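Just so you know, the sequences run in chain order A and B.
Under this note's numbering, the first residue of the first sequence is numbered 25, with each subsequent residue one higher.
Under this note's numbering, the first residue of the second sequence is numbered 82, with each subsequent residue one higher.
It should be emphasised that the hints constitute simulated quantities derived from the structure, not laboratory data.
Just so you know, not all the hints are guaranteed correct.
Stated by the list, open to error - Straight-line distance between alpha carbons at most 25 Å, and here's what the computed DSS-like set of lysine-lysine pairs gives:
id: 1; chain 1: A; residue 1: K95; chain 2: B; residue 2: K294
id: 2; chain 1: B; residue 1: K213; chain 2: A; residue 2: K84
id: 3; chain 1: B; residue 1: K251; chain 2: A; residue 2: K95
id: 4; chain 1: A; residue 1: K293; chain 2: B; residue 2: K247
id: 5; chain 1: B; residue 1: K217; chain 2: A; residue 2: K92
id: 6; chain 1: B; residue 1: K122; chain 2: A; residue 2: K84
id: 7; chain 1: B; residue 1: K137; chain 2: A; residue 2: K92
id: 8; chain 1: B; residue 1: K217; chain 2: A; residue 2: K176
id: 9; chain 1: B; residue 1: K213; chain 2: A; residue 2: K214
id: 10; chain 1: B; residue 1: K98; chain 2: B; residue 2: K213
id: 11; chain 1: A; residue 1: K297; chain 2: B; residue 2: K253
id: 12; chain 1: A; residue 1: K92; chain 2: B; residue 2: K104
id: 13; chain 1: A; residue 1: K95; chain 2: B; residue 2: K141
id: 14; chain 1: B; residue 1: K93; chain 2: A; residue 2: K100
id: 15; chain 1: B; residue 1: K122; chain 2: A; residue 2: K95
id: 16; chain 1: B; residue 1: K141; chain 2: A; residue 2: K84
id: 17; chain 1: A; residue 1: K293; chain 2: B; residue 2: K93
id: 18; chain 1: B; residue 1: K93; chain 2: A; residue 2: K92
id: 19; chain 1: B; residue 1: K122; chain 2: A; residue 2: K92
id: 20; chain 1: A; residue 1: K95; chain 2: B; residue 2: K101
id: 21; chain 1: A; residue 1: K293; chain 2: B; residue 2: K250
id: 22; chain 1: A; residue 1: K297; chain 2: B; residue 2: K247
id: 23; chain 1: A; residue 1: K56; chain 2: B; residue 2: K137
id: 24; chain 1: A; residue 1: K95; chain 2: B; residue 2: K137
id: 25; chain 1: B; residue 1: K141; chain 2: A; residue 2: K56
id: 26; chain 1: A; residue 1: K92; chain 2: B; residue 2: K98
id: 27; chain 1: B; residue 1: K250; chain 2: A; residue 2: K297
What the hints assert, rightly or not - Here are the in silico distance ranges between beta carbons for each label pair:
id: 28; chain 1: B; residue 1: D244; chain 2: A; residue 2: K264; range: 26 to 36 Å
id: 29; chain 1: B; residue 1: K213; chain 2: A; residue 2: F287; range: 40 to 50 Å
id: 30; chain 1: B; residue 1: K247; chain 2: A; residue 2: Q205; range: 30 to 40 Å
For clarity, every value in this text was computed on a predicted model and none was experimentally measured.
Cβ coordinates follow ideal geometry from the N, Cα and C atoms, glycine included.
The residues making up each chain are set out below.
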Amino acid sequence: VLKRNDFIQGKSNIYKGETMKKVIAFIGSQRKQSTYQAVRELEKSLNASGGINFEYVFLKDYRLEYCKGCKLCFDKGERSCPLEDDRDKLLDKIYTSDGVIFATPNYSFHVSAQMKNFLDRIAFIFHRPCFFGKTYMAIVTQGIFGGGAILKYLSSMGKNLGFNVVKGCCLTTLEPITEYQQKKLIQEVKKASLRFCKSLMESSLLSPSFFRLIMFRMSRTSIMNILDDNNYDYRYFKEKGWFESDYYYNVSLGLIKKSIGRFSDYSAKRMYKNR
Amino acid sequence: VKIVIVHGSPRKGNTYKATKLFKEEMQKQGEIEFVDFFLPKDMPDFCCGCMTCFLKGEEKCPHADYTMPILEHMVSADALIFTTPVFALSLSGCMKSFLDHYAYIFIVHRARTEMFKKKAFIISSTVGAGAKAAMKTISTSLKYWGVNRIYTYSFTTFGDGWDNMKAAKKEKSESQIRKKAAGFYKETASGKRHSPYLHIRIMYLISKFIIKKYTDDSSLDKKYWIEKGWYEREKNPFKY
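One chain only, chain B, in its complex shape (with noise of 0.2 Å):
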C-alpha cells in the first residue's frame, strides 16, 4: 500500500505530531510505503492563474518541476492523506497554493481515472475555531478531482500544544486517531468503491454536456474526455 501525505504546516507542531500518530498506528496494520511532501518547500511558489495548464497542458505550467512530481505521486498512491493548521479560520496559505496548482485535474477539466478509486484523509487542528471550514476547502477540491471517499479528523488545543495538552484529553484525541487510521487502513487495504457523491456525478453529466457542446475542438479537455473514451457508451471514470 503506498500513500501520499501532503503536510500543509510550515512548522512541525500539532498538526505534525497527530499525523505522526496516525502513520504509526496505520503502519501498525500493515506494510505501508509513506511517501512525505512538505509545504511550503515543496510547493514554493504561488500559482500565477496563467492558465497554461487548462490551454497549453500541464507540464507547461511555470512551476510544473513541483507540481508534475507530486501529481506522478499521488496519481500512483492506493490513499492520500493532507494536512493543515488553522490559520485565519481557514487551510494554511501554503496548502492553498498546493491546491491552486492543481486545478486542471478537476472533473470538469482532465480528471485523472486513478482518482477516482481512491480515499483521501485530512488531519487538521486548531487552537480554537475553524477547523471544520480549513478541512472543507480541502475536501471540495479532492471531491473535484473525483476522490471516491473523504475522511476527516480535527481537534482543538485551546492554546496548550499537543505536548501539553491535559492527560484526559490527550488521551481522547490519540484514542480517536487510532481508530480513525486503523480503519482507514482497512478501507485503503480492501480497495472498495463507494459509490461517488451526488454532486460529483451530476457535475460530470453537466461538464460532460458543456464540453461537447460549447468548447473548441481544439481545446485539451476535448481531446482528454475523447481519447478517455468518455463519450462512448457504458464508459466513465466512476466504473473505471
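Bound conformation, chain A alone (with noise of 0.2 Å):
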C-alpha cells in the first residue's frame, strides 16, 4: 500500500500512467438514501466508461473523534495528533486513490456535521496540501434549497486541499420525486459525471487561477516571516522548497501570473513588516 510519503515523492500510480483509474467516494450521511443513491447513479455513468475501480467509504463505518482544535497537526505534524481513531485509515484511501469525491446531504444549510467533522480532522492539509493532480467533485443533495452555498464550500475545500476541482453538482431530491424530475437528476450527474472522468483521465497539474497563486505567494511570505524551525508547516514548506518555487508544483506561468506572483510577495512582506 501507497503511503503519504511515497504519494509525495511521485510514486502514485497516477504518474506512472497506469490505466486503471482508483476512484474513493467518500459519504457524509448515516442514511443510504439519496446521497448514497446519488452516488450510485455516477458510479454508474462512470463505469460506462470503463477502466475505472470505484469504491465507497461511509464516514459512520469509521471511528472519527471530534477534533480538539489542538493545534498540533499545524505545529508539529499531524502523527502528533492526540485522537487515535481511524483517520490515517481514511487518508491513505485518498493517497492510494486518483479520484476523490465528497458527498453529503444538505442539514441546517450546511454539510452534515460528520462531513464537518472529517474536514475539520484534514484540515492540516489545507496547510500543507498535497493532492496534486488528482480529480476532486463535491456532490450534495438537498430537499429544497440552499445547497447551492454548500456546494461552493465543499469544492473551494477541495482546491485547498490541492486537487483538480471539476463542477460537481447539487441534486434536489425532496420526495416524492415524479419519473421526469428522476430523469433530469440522472441527467445531472450523467453530466457531472462526464466532467469528472475527463478531468480524471487527464490527471494533469494544471496552472493555478489568480486566486489561488496569490493565496500561496501570500501564505508562504508569512509563514516564512512568521514562523521558524521549531515549526512543522515552516520545516514543511522549506523542504518542499516552496519558500522559492512559484508555485506548489512545476508549472509554467505566463508574464501576468508571474508578475502577480511577484507583487503578492512584495505585499505580503510589506503587511509583515507592518504588523
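Make the complex out of the two chains shown on their own, each in a separate frame, by following the hints.
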C-alpha cells in the first residue's frame, strides 16, 4: 500500500500512467438514501466508460472523533494528533486513489456534521496541500434549497486540499420524486460524471487561478516571516522548496501570473513589516 | 434575565476567553443567570438524518436525552449566545452537529413561538480567515428558528493566542467585547421586539401555503400549525 511519503515522492500510480483509475467516494450521511443513490448513479455512468475502480467510504463506519482544535497537526505534524482513530486509514485511501468524491446531504444549510468533522480533522492539509493532479468533485443533495452554497464550500475545500476540482452537482431529491424529475437528476449526474471522467483521464497539473496563486504567495511569505524551524509547516515548506518556487508544483506561469506572483510576495512582505 | 450559552469549542482557548470576558461584562450590567453547555460533551452524537423529528416527533429522536433538555433551556431563556472557533474555514464540527439536531424547529417545520422574541449573539475567533463564514452558518440556522435579532463579534489572533496578543491589539478587542456585551445586555433586558427579518417573513408565508396545500393532514407539522392557530386571521408567531 502506498503511504503519504511514497505519494509525495511521486510514486502514486497517477504519475506512472497506469490505466486503471481508482475513484473513492466519501459519503457524509448516516443513511443510505438520496446521497448514496446519487453516488450510485454516478458510479454507474463512470463505469460505462470503463477502466475505473470505484470504492465507497461511509464515514459512519469509521471511528472519527471530534477535532480538539489543539493545532498540534499544524505545529508539530499530523503524527502528533492526540486522537487515535481511523483518520489515517481514511487518508491512506485518498493517497492511493486518483479521483475523490465528497458527497453530503444538506443539514441546516451546511454540510453534514460528520463531513464537517472529517474536514476539520484533515485541515492540516489545507496548510500543506498535497493532492495535486488528483480529481475531486462534490455532490450535494438538498430537500428544497440551500445546496448551492454547500457545493461552493465543498468545492473550495477541495481546492484548498490541492485537488483539481471539477464542477460538482447539487441535486434536489425531496420525495416524492416524479419520473420526469428522476430523469433530470440522472441527466445532471451523467453530465457531472463526464466532467469528472475527463479530468480524471488527463490528471494533469493545472496552472493555478489568480486567487490560488495569490493565496499561495501570501501564505508562504507569511509562514517564512512569522514562523521558524520549530514549526512543522515551516519545515515542510522549506523541505519542499516552496519558499522559492513559483507555485506548489512545477508549472509554467505566463508573464501576467508571474508578475502578479512577484507583487503578492512583495505586498505580503510589506504587510508583515507593518504588522 | 436568563441566558443560555452554547460553547462550540472543544478546548478552552481564545473563543472561550473572549466569551468569559463577555459574560463578566454582562454580569456587571445586571443580574443574569447563565446556563452553559459545552460541546461536544453535551451533544456527543452526529445527527443520523433519520427524519424521526420531522415525522414522529422530536421526543422520539435517538438523541432526545441530549436535545430535549437543551431545547427546554433555550426556549425558557431570554437570550442565546453561541460561540465557535474556525475549523476548516467554517464553524467547528461539534457546533455543526448541535445545529443539525434542531432542524425541526425551523420555521418551515415547527418553530417555537418563544424564539420569535429572543436575541442571539455569536462569538467567533480565528487565526486568519473564515470567521464570517462560520458565524453565517450559525446565524442562518438561528434566523430559521425565528430568532428576532442576531448580533455577531469575531476577532483575528494571527496565531498569537489571547494571552500573547500585542497589548494594544488585545486592549482594542477587549474594549470592543465590553461594548458589545453592554449593548447586548441592554437589548436583552429591554425585551424590545424588532421587526422580523424580511426573508424570514417571506419564508413564513411560503411555508404557510405549502404546509396547508401539500402536506398530509396527519403530518405533525400541519397539526402543529393548526394547533398554534397560525391559520387563523391576525395570528402569527411574529405577533405572539
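Against the structure, the hints:
For the hint pairing K95 of chain A with K294 of chain B, the CA-to-CA distance comes to about 51 Å; that exceeds 25 Å, so the pair is violated. The straight-line distance between the Cα atoms of K213 of chain B and K84 of chain A is roughly 29 Å, outside the 25 Å bound, and the hint therefore fails. Between K251 of chain B and K95 of chain A the CA atoms are separated by roughly 21 Å; this keeps the pair inside 25 Å, and the hint holds. With a CA separation close to 20 Å, the supplied pair K293 of chain A and K247 of chain B stays within the 25 Å bound.
For the given pair, K217 of chain B sits about 22 Å from K92 of chain A by alpha-carbon distance, which is consistent with the 25 Å threshold. With a C-alpha separation of about 19 Å, the suggested pairing of K122 of chain B with K84 of chain A holds against the 25 Å cut-off. Simply put, K137 of chain B and K92 of chain A have alpha-carbon atoms about 34 Å apart, too far for the 25 Å limit, and the pair is violated. For the hint linking K217 of chain B to K176 of chain A, the alpha-carbon distance of about 14 Å falls within 25 Å, and the restraint holds.
At most 25 Å may separate the alpha-carbon atoms for a hinted pair to count; K213 of chain B and K214 of chain A exceed this at roughly 35 Å. For the hint linking K98 of chain B to K213 of chain B, the alpha-carbon distance of about 19 Å falls within 25 Å, and the restraint holds. With a C-alpha separation of about 20 Å, the suggested pairing of K297 of chain A with K253 of chain B holds against the 25 Å cut-off. Of the pairs offered as hints, the one joining K92 of chain A and K104 of chain B holds, with about 23 Å between alpha carbons and a cut-off of 25 Å not exceeded.
For the proposed pair K95 of chain A and K141 of chain B, the alpha carbon gap of about 38 Å is over 25 Å, so the pair is violated. The hinted pair formed by K93 of chain B and K100 of chain A meets the criterion: a straight-line CA distance of about 20 Å does not exceed 25 Å. As the CA atoms of K122 of chain B and K95 of chain A are separated by approximately 20 Å, the hinted pair is consistent with the 25 Å bound. Taking the CA atoms of K141 of chain B and K84 of chain A, the gap is near 21 Å; set against the 25 Å cutoff, the hint holds.
For the given pair, K293 of chain A sits about 33 Å from K93 of chain B by alpha-carbon distance, which is inconsistent with the 25 Å threshold. Using a Cα cut-off of 25 Å, the hinted pair K93 of chain B and K92 of chain A holds, with the two alpha carbons roughly 10 Å apart. Distance hint between K122 of chain B and K92 of chain A is fulfilled; the C-alpha atoms sit about 12 Å from each other, no more than 25 Å. Between K95 of chain A and K101 of chain B the CA atoms are separated by roughly 22 Å; this keeps the pair inside 25 Å, and the hint holds.
Pair hint K293 of chain A plus K250 of chain B holds up; C-alpha atoms about 20 Å apart against a cutoff of 25 Å. In summary, the hint linking K297 of chain A to K247 of chain B is supported, as the alpha carbons are separated by about 15 Å, within the 25 Å threshold. Proposed proximity of K56 of chain A and K137 of chain B is supported: the alpha carbons are some 20 Å apart, at most 25 Å. A hinted pair counts as satisfied when its Cα atoms are at most 25 Å apart, and K95 of chain A with K137 of chain B does not qualify at roughly 41 Å.
The hinted pair formed by K141 of chain B and K56 of chain A meets the criterion: a straight-line CA distance of about 21 Å does not exceed 25 Å. Under the criterion of a C-alpha separation no larger than 25 Å, the hint pairing K92 of chain A with K98 of chain B is consistent with the structure, at around 16 Å. The suggested pairing of K250 of chain B with K297 of chain A holds, with an alpha-carbon distance near 16 Å, which does not exceed 25 Å. At roughly 32 Å, the beta carbons of D244 of chain B and K264 of chain A sit within the given window of 26 to 36 Å.
Between K213 of chain B and F287 of chain A, the C-beta spacing of about 26 Å breaks the proposed range 40 to 50 Å. Under the hint 30 to 40 Å, the C-beta atoms of K247 of chain B and Q205 of chain A, about 57 Å apart, miss the expected range.
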